[in-house]
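Colleague: Sequence order for the protein chains is F, P, B and W. Using the numbering used here, you'd call the opening residue of the first sequence number 1 and step up by one each time. Using the numbering used here, you'd call the opening residue of the second sequence number 1 and step up by one each time. Using the numbering used here, you'd call the opening residue of the third sequence number 1 and step up by one each time. Using the numbering used here, you'd call the opening residue of the fourth sequence number 1 and step up by one each time.
What the hints contain is simulated information worked out from the structure, not anything from laboratory work. Source: prediction; values computed, not measured. Where hints are given, some of them may not hold.
Stated by the list, open to error - The calculated DSSO-like cross-link candidates involving lysine-lysine, where the alpha carbons are at most 27 angstroms apart (straight line), are:
(1) P/LYS50 <-> W/LYS31
(2) F/LYS79 <-> B/LYS21
(3) P/LYS31 <-> P/LYS11
(4) P/LYS90 <-> F/LYS11
(5) F/LYS6 <-> P/LYS50
(6) F/LYS50 <-> F/LYS11
(7) W/LYS21 <-> P/LYS90
(8) P/LYS6 <-> F/LYS31
(9) W/LYS88 <-> P/LYS50
(10) P/LYS68 <-> P/LYS11
(11) F/LYS31 <-> F/LYS68
(12) F/LYS10 <-> F/LYS50
(13) P/LYS50 <-> F/LYS11
(14) P/LYS79 <-> F/LYS11
(15) F/LYS50 <-> P/LYS68
(16) F/LYS90 <-> B/LYS137
(17) F/LYS90 <-> B/LYS32
(18) P/LYS79 <-> F/LYS50
(19) W/LYS137 <-> P/LYS90
(20) P/LYS10 <-> F/LYS31
(21) P/LYS6 <-> F/LYS68
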Amino acid sequence: MSLHIKAQVKKVAFITLEGEVDSLSAREFQKEIERLAVEGPDELVLLVEKLEFISSAGLRVLIFAKQKMGTHLAVYIVKAPESVVETLEKTGLHHSFNIVDHYV
Amino acid sequence: MSLHIKAQVKKVAFITLEGEVDSLSAREFQKEIERLAVEGPDELVLLVEKLEFISSAGLRVLIFAKQKMGTHLAVYIVKAPESVVETLEKTGLHHSFNIVDHYV
Amino acid sequence: MDRITFPGTLDSLDGIRQLVKAQAQQAGLEKKPTYQLLLAIDEIATNIITHGYEAAGTEGPLDVLMELTDGQLCVTLEDEAAAFDPLKHQMPTEEFFALPLEERPIGGMGIHLTVNGVDEFRYEYAGNRNRNIFIVKTGAADAPA
Amino acid sequence: MDRITFPGTLDSLDGIRQLVKAQAQQAGLEKKPTYQLLLAIDEIATNIITHGYEAAGTEGPLDVLMELTDGQLCVTLEDEAAAFDPLKHQMPTEEFFALPLEERPIGGMGIHLTVNGVDEFRYEYAGNRNRNIFIVKTGAADAPA
Ligand SMILES: Nc1ncnc2c1ncn2[C@@H]1O[C@H](COP(=O)(O)OP(=O)(O)O)[C@@H](O)[C@H]1O
Ligand SMILES: Nc1ncnc2c1ncn2[C@@H]1O[C@H](COP(=O)(O)OP(=O)(O)O)[C@@H](O)[C@H]1O
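Work the whole structure out from these sequences, hints included.
Modeller: Shown next as C-alpha cells:
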C-alpha cells in the first residue's frame, strides 16, 4: 500500500455572522463582502451558527457575493440554524450554496 | 440585537494523505510541503482520515513543515485515526499541532 | 388593539421585530412560526420603507397593530406611501428559484417569503393607508375555556 | 522459525510491514498492538538502513524472523551493519517531548516509539549480526489446550 498525496493552497475568505441581518445591517455585510472580494478568494466560508435572523436583504448579499467574486466561487454556509436553512430552501439558494455542518 | 461581523482571508494549504508514510514515502510528503511552503500559507490543514500508517519519518516532515512555514503557522490534523493520534501524543507533538475532527 | 408608530426608516426594523416577537411569545407561538412571522413582517416593512417611501423621496409613519384573539395572532402594518398590493405583484415561479444565480434577477424574494411564511396574508387600502395584514394560528386558545 | 531476507534499502519497508502484519493477524493480535508493532519494526528497520548501511556507504541484508509461541509473537530483525544497541542510545526525556518545536532537535523519536510500542524489546549482537528483537503478547494461546 503506497501513499497518495493531494495538495493545494486556497485563498479562503471567512466571515462570521452573529446576530441579525435585516435590510439595515445587510449593508455592513455587503461592505465586508466588497472588502474581501478585492483579495480574490477561491472559496467563501460563512460561519453562521449564531446568525439569529436573515431577511431577503441578507440573501441578496449572498447572491451579490457570488456575482462579485465569480459565480464559480464555492460558498460554504456552515452550521446554519434550521430557520436560516428553511429560508435558503424556500428561495432556491440551497442549489447554489453548500449548506454544511463543517467546511472541512 | 445587532449584527457582529468578523471577516478575514487566509491562505490555507490543504494536504490529503492517504495510505502509509514510512521513511521512503515521507520524501514525497516532504516535497509537497516544500512546494506549498513557497506560497507562504497562513495555515496548514492535513486531512488524514485515510492515513493508515505514519512513522517518525513522517512526523519529522510535520516538524519540518512548521520550521519551513514558520513555527507560528497553525497546523490542523483533521480526522486522525486513533493510532496516529497515539503516536503524536507519545512524541509530544500534540502540543504543537491541532488534532481535530474538523478544521472549521 | 394597540397601535405603535415607528418612523418609516430601516432603523425601525429591529424594534418592530422585537415588539412582534414579544407578542408572539406571549401568544405561545412556537419558535419556527415566530421566525417566519418576523421574516414576513421584515420583508413587507422593508418594501414599504424602501419602495414606498424612499424610492418616492417621501417620509412617513409605519404603524404596527397587533391583536391576539382565540387561536390566532394578527399583525397589521399600516403606511401612508403610495398604494401597493403585494399580492398583485407577479410572484416568482418555481422555475425562477431553480435558475442558476447568474441567470436570476437578484431581488423578488421578499413577497414570496412573506406569503409562504404566515397562515394568511391580506392586503387592504383604506383611508389613504396601505394595510398589510399577517395572520398566524397560535394553536392555543387565548383564554382557557 | 522462518527467515525472510530483504535488501537493506528503504523500499523494503513496505514489504516488511505487510509480512509482519499478516503474521500478527494470524496470531490474533488486536489492531492497536499490531499497529504499534509495525511502527516499532519500521523505526528500527529504517535506522538499520539509513544509519547502519547508508551512512557507512555499505549495503547488506535485512532479515526478518518470526516466531509465534504460546501467547506471544516474536519478531527479529537481523542485519550486518556495524554493531549498534538502540537501548544504549540516550533516550529523549519527558522534558524533550514537551519542548516547543523550535527548541527541539528534529530526530530522536524512533527508538522512543520502538521501546514504547512493544511489550518487550531486546538487542543482541551475535555472529557479526545485530539482532533487534520485538515481543508482543497476543493474549491468545497459539494452540487451544
Ligand atoms: N410597498 C411597495 N411599494 C412599491 N413597490 C413595491 C412595494 N413592495 C414591493 N414593491 C415592488 O415589488 C417588487 C418585489 O418585491 P420583493 O418580492 O420584496 O423583492 P425585492 O424587494 O427584493 O425586489 C419590488 O422590487 C418592488 O418593485
Ligand atoms: N542502526 C544504527 N546504526 C547507527 N546509529 C544508529 C542506528 N540506529 C540509531 N542510530 C543513532 O541513534 C539516533 C536516534 O535514533 P532514533 O531514535 O531512531 O531517531 P532518528 O533516527 O530520527 O534520529 C540516530 O539519530 C542515530 O544517530
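Colleague: A separate judgement is required for each hint: does it hold in the structure or not?
Modeller: Taking the hints in turn, this is what the structure says about them:
no. : hint                 : in the structure
1   : P/LYS50 <-> W/LYS31  : holds, 15 angstroms
2   : F/LYS79 <-> B/LYS21  : holds, 24 angstroms
3   : P/LYS31 <-> P/LYS11  : holds, 19 angstroms
4   : P/LYS90 <-> F/LYS11  : violated, 34 angstroms
5   : F/LYS6 <-> P/LYS50   : holds, 12 angstroms
6   : F/LYS50 <-> F/LYS11  : holds, 24 angstroms
7   : W/LYS21 <-> P/LYS90  : holds, 22 angstroms
8   : P/LYS6 <-> F/LYS31   : holds, 12 angstroms
9   : W/LYS88 <-> P/LYS50  : violated, 36 angstroms
10  : P/LYS68 <-> P/LYS11  : holds, 16 angstroms
11  : F/LYS31 <-> F/LYS68  : holds, 12 angstroms
12  : F/LYS10 <-> F/LYS50  : holds, 26 angstroms
13  : P/LYS50 <-> F/LYS11  : holds, 25 angstroms
14  : P/LYS79 <-> F/LYS11  : holds, 22 angstroms
15  : F/LYS50 <-> P/LYS68  : violated, 37 angstroms
16  : F/LYS90 <-> B/LYS137 : holds, 21 angstroms
17  : F/LYS90 <-> B/LYS32  : holds, 14 angstroms
18  : P/LYS79 <-> F/LYS50  : holds, 25 angstroms
19  : W/LYS137 <-> P/LYS90 : holds, 21 angstroms
20  : P/LYS10 <-> F/LYS31  : holds, 18 angstroms
21  : P/LYS6 <-> F/LYS68   : holds, 19 angstroms
Of the numbered hints given earlier, the model fails hints 4, 9, 15; all others are met.
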